[in-house]
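J.: If you want the building blocks of each chain, they are given just below.
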Amino acid sequence: MPRDSINLYVLVLISVLGVVLVGLGGGLWGQQMPWQWQWQHQAFEHLCHQLPNRSIWMGGQPMAVCSRCIGIYAGFAVGWLLLPFAAYFNLSKYGQTPKFALIIIAINAIDIVGNILGFWQNTLVSRLALGSLLGMIIALLFSSNFFGSIIKSMGNHHGRITISDT
Amino acid sequence: MEESQYQTPSLPSYWNSVILAGAIFGLISGIRQLVGGYVVISTGGQSNILNFGLCLVGAFAGLTALWHYNQLGDFSMTLGRGALIGFLAGVGAAIVSMGVVSIWKFIDPSYGPALMETQISIIENDPNIPEGWKQTMIDATYDPGLMMTILSSVGGIVLNGVLNLLTGMLGVKVFGKTEKEF
Chain A
1 MPRDSINLYV
11 LVLISVLGVV
21 LVGLGGGLWG
31 QQMPWQWQWQ
41 HQAFEHLCHQ
51 LPNRSIWMGG
61 QPMAVCSRCI
71 GIYAGFAVGW
81 LLLPFAAYFN
91 LSKYGQTPKF
101 ALIIIAINAI
111 DIVGNILGFW
121 QNTLVSRLAL
131 GSLLGMIIAL
141 LFSSNFFGSI
151 IKSMGNHHGR
161 ITISDT
Chain B
1001 MEESQYQTPS
1011 LPSYWNSVIL
1021 AGAIFGLISG
1031 IRQLVGGYVV
1041 ISTGGQSNIL
1051 NFGLCLVGAF
1061 AGLTALWHYN
1071 QLGDFSMTLG
1081 RGALIGFLAG
1091 VGAAIVSMGV
1101 VSIWKFIDPS
1111 YGPALMETQI
1121 SIIENDPNIP
1131 EGWKQTMIDA
1141 TYDPGLMMTI
1151 LSSVGGIVLN
1161 GVLNLLTGML
1171 GVKVFGKTEK
1181 EF
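In order, the protein sequence lines correspond to chains A and B.
Quick note on numbering: this note's numbering labels position 102 of the first sequence as 102, and the sequence is numbered without any gaps.
Quick note on numbering: this note's numbering labels position 111 of the second sequence as 1111, and the sequence is numbered without any gaps.
No lab work stands behind these hints, which were simulated from the structure alone.
Remember, predicted model here, so these are calculated numbers, not experimental data.
Cβ coordinates follow ideal geometry from the N, Cα and C atoms, glycine included.
Treat the hints with care, since some could be wrong.
[Stated by the list, open to error] Here chain B is said to cover these stretches of chain A; the calculated rule only asks that three of the stretch's residues, wherever they fall, bring their Cβ under 8 angstroms from a Cβ of chain B:
(1) 11-22
(2) 128-142
[To be verified] Some chain B residues well away from chain A (every beta-carbon gap over 12 angstroms; in silico):
(3) P1012
(4) S1013
(5) N1016
(6) I1024
(7) Y1038
(8) T1043
(9) G1044
(10) W1067
(11) G1073
(12) I1103
(13) F1106
(14) D1108
(15) P1109
(16) S1110
Please model the entire structure based on the sequences and the hints provided.
T.: Dropping the structure here:
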């Protein structure tokens, strides 16, 4: 894997793990300040509604983001960690990941709209599960970009072992 | 020697795309926050459409910046460049959003105090908040402190940047042109 790709992979991994840690909120660290005024909540203020009744509670406090958002971030982190395995099994070969991603985006959108219109009431677990699926499938879209499988070129580089373009 | 003679074609500047996407999503995010604030002031509650419907809307600045950048010509992009464009668009959006809210407080000076009073009233009447926390929360509403303001502002800008870094990479996957395989 080229050095630039390693750097980007590690940068994204560290960044996403950081986002997940911040998103877990102050309950994880036993912060005593009321949650609305913890820096984690303030930092996510522009990105998530942070309603306590739609967030998972940890250590007697709601997380800094809602259950769907923490699902998306955690799912993305897990998917990102699985990229080497996805590349090993050549997941991109089947070409189905973008279709699955669209389906899961659509299911999330339908779930949100249906809940707003009062057709059904989604739950913490259902939002977390749908968000996790969304995060994971988006991460897996990059399965061919960082751990490109070594291929035998048939074109201009015939005879050489090359690596797929990153 | 042959490889060293290969010249990378120059790519168009990404700043227009970054500024455009940052401004659009900063405005959307800032207006959403202001409208949400007025809903709280007038009803004492939250708006479901604003809350659930527009959750994570700020993370689309990177995707939009990449869409715009892709319109500038026929060239291939790397994921790293997409990540950089997305990150900058996200940082721009966060700064614009904070700017919009700050400017609005000058345009409507009653907004800030009215929101503060409503929030304090909500805290005082919320049976779920422990009594011991209420005074601390009210004090923090009046004066959040310099360190908290800096931490939350910088944290917000960095988080917005990171999330848009991811959507910027996604933008390369969605809008980027695939190079022919040899």
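J.: Would you assess whether P1109 of chain B, listed as outside the interface, keeps its beta-carbon beyond 12 angstroms of every beta-carbon in chain A?
T.: holds, 22 angstroms
J.: Are all beta-carbon distances from Y1038 of chain B to chain A longer than 12 angstroms?
T.: Answer for Y1038 of chain B: holds, closest chain A Cβ roughly 16 angstroms.
J.: Against chain A, does T1043 of chain B keep a CB gap of more than 12 angstroms to every residue?
T.: holds, 15 angstroms
J.: N1016 of chain B: least C-beta distance to chain A exceeds 12 angstroms?
T.: holds, 23 angstroms
J.: May I ask you to check that G1073 of chain B keeps its beta-carbon over 12 angstroms from the closest beta-carbon of chain A?
T.: Holds, since 19 angstroms exceeds 12 angstroms.
J.: Minimum C-beta separation from P1012 of chain B to chain A exceeding 12 angstroms: can you confirm that?
T.: holds, 21 angstroms
J.: Taking the minimum C-beta separation from I1024 of chain B to chain A, is that value above 12 angstroms?
T.: holds, 14 angstroms
J.: Taking C-beta pairs only, is S1013 of chain B more than 12 angstroms away from all of chain A?
T.: Correct as stated: the minimum Cβ-Cβ distance to chain A is 21 angstroms, above 12 angstroms.
J.: So G1044 of chain B supposedly isn't at the interface. Is its beta-carbon more than 12 angstroms from every beta-carbon in chain A?
T.: holds, 15 angstroms
J.: Can we trust that S1110 of chain B is non-interface, i.e. its beta-carbon lies farther than 12 angstroms from all of chain A?
T.: Holds: least Cβ distance 21 angstroms, greater than 12 angstroms.
J.: Are there three or more residues in the region 128-142 of chain A whose C-beta lies closer than 8 angstroms to some C-beta of chain B?
T.: holds (count 3)
J.: Quick check: the region 11-22 of chain A, covered by chain B? Criterion 3+ residues, Cβ under 8 angstroms.
T.: holds (count 7)
The earlier numbered hints are all upheld by this structure, with none contradicted.
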